[in-house]
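Heads up: the sequence lines are chains A and B, in that order. Residue numbers are given in the working numbering: position 139 of the first sequence equals residue 139, and the series is strictly consecutive. Residue numbers are given in the working numbering: position 18 of the second sequence equals residue 18, and the series is strictly consecutive.
Possibly wrong hints are sitting among the right ones.
To be verified - Each pair of labels, with its calculated beta carbon distance range:
{"no.": "1", "chain 1": "A", "residue 1": "D203", "chain 2": "B", "residue 2": "L134", "range": "20 to 30 Å"}
{"no.": "2", "chain 1": "A", "residue 1": "V239", "chain 2": "B", "residue 2": "K198", "range": "30 to 40 Å"}
{"no.": "3", "chain 1": "A", "residue 1": "D139", "chain 2": "B", "residue 2": "V138", "range": "25 to 35 Å"}
{"no.": "4", "chain 1": "A", "residue 1": "D203", "chain 2": "B", "residue 2": "V61", "range": "34 to 44 Å"}
{"no.": "5", "chain 1": "B", "residue 1": "Y94", "chain 2": "A", "residue 2": "D203", "range": "48 to 58 Å"}
{"no.": "6", "chain 1": "A", "residue 1": "Y224", "chain 2": "B", "residue 2": "F71", "range": "31 to 41 Å"}
{"no.": "7", "chain 1": "B", "residue 1": "W133", "chain 2": "A", "residue 2": "V66", "range": "43 to 53 Å"}
As the list claims (entries may be wrong) - Below, a sample of chain A positions facing chain B; criterion: calculated Cβ distance under 7 Å:
{"no.": "8", "residue": "A89"}
{"no.": "9", "residue": "I109"}
{"no.": "10", "residue": "R112"}
{"no.": "11", "residue": "V115"}
{"no.": "12", "residue": "T116"}
{"no.": "13", "residue": "S211"}
{"no.": "14", "residue": "L219"}
{"no.": "15", "residue": "K220"}
{"no.": "16", "residue": "A223"}
{"no.": "17", "residue": "G226"}
{"no.": "18", "residue": "L227"}
{"no.": "19", "residue": "A230"}
{"no.": "20", "residue": "V231"}
{"no.": "21", "residue": "S234"}
{"no.": "22", "residue": "P243"}
As the list claims (entries may be wrong) - Simulated pairs of lysine to aspartate or glutamate, DMTMM-like, Cα-Cα distance not exceeding 25 Å:
{"no.": "23", "chain 1": "A", "residue 1": "K245", "chain 2": "B", "residue 2": "D83"}
{"no.": "24", "chain 1": "A", "residue 1": "K105", "chain 2": "A", "residue 2": "D128"}
{"no.": "25", "chain 1": "A", "residue 1": "K105", "chain 2": "B", "residue 2": "E39"}
{"no.": "26", "chain 1": "A", "residue 1": "K245", "chain 2": "B", "residue 2": "E186"}
{"no.": "27", "chain 1": "B", "residue 1": "K189", "chain 2": "B", "residue 2": "E13"}
{"no.": "28", "chain 1": "A", "residue 1": "K194", "chain 2": "A", "residue 2": "D45"}
{"no.": "29", "chain 1": "A", "residue 1": "K245", "chain 2": "B", "residue 2": "D100"}
{"no.": "30", "chain 1": "A", "residue 1": "K220", "chain 2": "B", "residue 2": "E39"}
{"no.": "31", "chain 1": "B", "residue 1": "K7", "chain 2": "B", "residue 2": "D84"}
{"no.": "32", "chain 1": "A", "residue 1": "K107", "chain 2": "B", "residue 2": "E39"}
{"no.": "33", "chain 1": "A", "residue 1": "K245", "chain 2": "B", "residue 2": "D84"}
{"no.": "34", "chain 1": "A", "residue 1": "K107", "chain 2": "A", "residue 2": "E30"}
{"no.": "35", "chain 1": "A", "residue 1": "K85", "chain 2": "B", "residue 2": "E39"}
{"no.": "36", "chain 1": "A", "residue 1": "K105", "chain 2": "A", "residue 2": "E30"}
{"no.": "37", "chain 1": "A", "residue 1": "K130", "chain 2": "B", "residue 2": "E39"}
To be clear, the hints were calculated from the coordinates, so they are not data collected in a lab. Backbone N, C-alpha and C fix where the C-beta goes; we use that ideal spot for every residue, glycine too.
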Amino acid sequence: MPRKSLLISPELCIGCRGCQTACKEWNQLEGTKTVNQGSLDNPPDLIPDLYNRIRYVEVPSGANPVRWLFVNQRCMHCGDAGCMKICPAPGALYRTNEGAVVFSKEKCIGCRLCVTACPFNVPRYDKDNKISKCHLCFDRISEGLTPACAKTCPTGAIRYGEREDLLGLAKKAGYEKVYGEADLQGLGAIYAFKDAPKLYGMDERPAVPESVVFWHTVLKPLAYWGLGGAVAASLLHYVAFGPKKYEEEVKKDG
Amino acid sequence: MGNQMVKKANAFEILNHWVLAVSFFILAVSGFGFLFHLEIMNSLFGSFNQMSVVHNYAGIVFAVSLVLTIFNYLPVSLNLDSDDMQWILRGGGYFSRGADVPVQDKLNAGQKIFYLFLLLTGTAIAASGLVIWLAPGVRRWILISHFIHNISFDLMLMVIILHIYLATLANPGTFRIMVYGTVPVEWAKKRHAKWVQKTGGE
Numbered sequence: 001m002p003r004k005s006l007l008i009s010p011e012l013c014i015g016c017r018g019c020q021t022a023c024k025e026w027n028q029l030e031g032t033k034t035v036n037q038g039s040l041d042n043p044p045d046l047i048p049d050l051y052n053r054i055r056y057v058e059v060p061s062g063a064n065p066v067r068w069l070f071v072n073q074r075c076m077h078c079g080d081a082g083c084m085k086i087c088p089a090p091g092a093l094y095r096t097n098e099g100a101v102v103f104s105k106e107k108c109i110g111c112r113l114c115v116t117a118c119p120f121n122v123p124r125y126d127k128d129n130k131i132s133k134c135h136l137c138f139d140r141i142s143e144g145l146t147p148a149c150a151k152t153c154p155t156g157a158i159r160y161g162e163r164e165d166l167l168g169l170a171k172k173a174g175y176e177k178v179y180g181e182a183d184l185q186g187l188g189a190i191y192a193f194k195d196a197p198k199l200y201g202m203d204e205r206p207a208v209p210e211s212v213v214f215w216h217t218v219l220k221p222l223a224y225w226g227l228g229g230a231v232a233a234s235l236l237h238y239v240a241f242g243p244k245k246y247e248e249e250v251k252k253d254g
Numbered sequence: 001m002g003n004q005m006v007k008k009a010n011a012f013e014i015l016n017h018w019v020l021a022v023s024f025f026i027l028a029v030s031g032f033g034f035l036f037h038l039e040i041m042n043s044l045f046g047s048f049n050q051m052s053v054v055h056n057y058a059g060i061v062f063a064v065s066l067v068l069t070i071f072n073y074l075p076v077s078l079n080l081d082s083d084d085m086q087w088i089l090r091g092g093g094y095f096s097r098g099a100d101v102p103v104q105d106k107l108n109a110g111q112k113i114f115y116l117f118l119l120l121t122g123t124a125i126a127a128s129g130l131v132i133w134l135a136p137g138v139r140r141w142i143l144i145s146h147f148i149h150n151i152s153f154d155l156m157l158m159v160i161i162l163h164i165y166l167a168t169l170a171n172p173g174t175f176r177i178m179v180y181g182t183v184p185v186e187w188a189k190k191r192h193a194k195w196v197q198k199t200g201g202e
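With the hints as constraints, model all of the structure from the sequences given.
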């Protein structure tokens, strides 16, 4: 099945937060009491009961007193997902045919390693200490429906479809560089940014922490090669040199 | 002559050795389960959730047991002298039949180095494990600890395998020390002459 994605276009976003609401409705997530922070960001960060949210970024601008950027924040469904790499519990994080990175609360053991390996600081833990994050409405898309956020978005700022089509769409609209096109083997949420990603509060080069990559590619194989190697070396020594017998040693000394 | 025994390990030392060994075995098996997503662990431990609990508390047992080994082995292990250097240079006599090695203390140079290595990697693995357990989600700390935990596991695993080989197949008559605590005095004179001398051959 061709990989599915979200195309997020901050230029089209009007900051209505319909995506936040629709997501909560479909996923039956509780409302949260928040405090006025002097900003439209609400809640101020991703929380267990909020899978996606709009960040309101104010940046300096020559023409206008304020330039306002609306950026949707969520799980990016990385092609090379750090969370899936580091997770020690089989089935707690898995990938669907559409390419979504999905979690199972039953399988999650609450170790929070995924939090530290995520390049985008996305996973949150609920009151039962189980992972909570956007799962691209895997229960909708597996039936051919659109994720709740994209379905409700009134301006097309969040669009869902085949990844290749969405990339073509963004290129045709004049975005030469699409954020997340190639990083981490391609993100499952790609962004049509007019300016440098940094301006939108995104990492220029998102990456899985180097120590996690080294662990995955070197230390993990070393565990079974080391085990096998040590056993093999022992057996080889036994065959080549044999055991030390103290009786012989005593005899030799006479 | 021949049947006279000398005591090399006391009951506490032997008991603690097996507490350490069993906890290590449980930790290593469950650790492999986490590393390679071995679903068979579900039938051994009930679930990965329960396995993580067992892994954590077995880690506590391992750490305490490791600390208790210090009294028995650390002083003698730190006392590396020129005979030990010679022993190491001659590969402990393990790489030629009937090679001569310098006289050794209660622990030979290889055992001393093994113990120091175990204490080092064991401390690293216990400390980093504790951080992973008690500071979940603290990015900096966890990434460093996760790395240390895994690198020391790899090193320890290889060395433990060699330890098991050297203490059983490679040296017939050694294993009984960790069961009965005694060895024939003739054996001790050959293997640990310095120690026998110090304790008066008893």
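Taking the hints in turn, this is what the structure says about them:
1. A:D203 <-> B:L134: 20 to 30 Å: Given range 20 to 30 Å: holds, Cβ gap about 29 Å.
2. A:V239 <-> B:K198: 30 to 40 Å: Holds - the Cβ-Cβ distance for V239 of chain A and K198 of chain B, about 37 Å, lies within 30 to 40 Å.
3. A:D139 <-> B:V138: 25 to 35 Å: holds (32 Å)
4. A:D203 <-> B:V61: 34 to 44 Å: At 42 Å between Cβs, range holds.
5. B:Y94 <-> A:D203: 48 to 58 Å: At roughly 53 Å between Cβ atoms, D203 of chain A and Y94 of chain B fall inside 48 to 58 Å, so the hint holds.
6. A:Y224 <-> B:F71: 31 to 41 Å: holds (35 Å)
7. B:W133 <-> A:V66: 43 to 53 Å: holds (46 Å)
8. A89: holds (4 Å)
9. I109: holds (5 Å)
10. R112: holds (4 Å)
11. V115: holds (4 Å)
12. T116: Cβ of T116 of chain A sits 4 Å from chain B, so the hint holds.
13. S211: holds (4 Å)
14. L219: holds (5 Å)
15. K220: With Cβ-Cβ at 6 Å, under 7 Å, it holds.
16. A223: holds (5 Å)
17. G226: Because about 4 Å separates G226 of chain A from the closest Cβ in chain B, which is inside the 7 Å limit, the hint holds.
18. L227: holds (6 Å)
19. A230: Hint holds; A230 of chain A Cβ to chain B Cβ min 4 Å, cut 7 Å.
20. V231: Since the shortest Cβ distance to chain B is 6 Å, the answer is holds.
21. S234: Cβ of S234 of chain A sits 4 Å from chain B, so the hint holds.
22. P243: Cβ of P243 of chain A sits 5 Å from chain B, so the hint holds.
23. A:K245 <-> B:D83: Status holds; Cα separation ~21 Å.
24. A:K105 <-> A:D128: holds (9 Å)
25. A:K105 <-> B:E39: This hinted pair holds, its Cα atoms lying about 17 Å apart.
26. A:K245 <-> B:E186: holds (12 Å)
27. B:K189 <-> B:E13: holds (21 Å)
28. A:K194 <-> A:D45: holds (24 Å)
29. A:K245 <-> B:D100: holds (13 Å)
30. A:K220 <-> B:E39: OK: K220 of chain A and E39 of chain B at ~17 Å, within 25 Å.
31. B:K7 <-> B:D84: holds (23 Å)
32. A:K107 <-> B:E39: holds (12 Å)
33. A:K245 <-> B:D84: holds (21 Å)
34. A:K107 <-> A:E30: holds (22 Å)
35. A:K85 <-> B:E39: At roughly 16 Å apart (the allowed maximum being 25 Å), E39 of chain B and K85 of chain A satisfy the hint.
36. A:K105 <-> A:E30: Distance ~17 Å between K105 of chain A and E30 of chain A Cα, so the pair holds.
37. A:K130 <-> B:E39: holds (20 Å)
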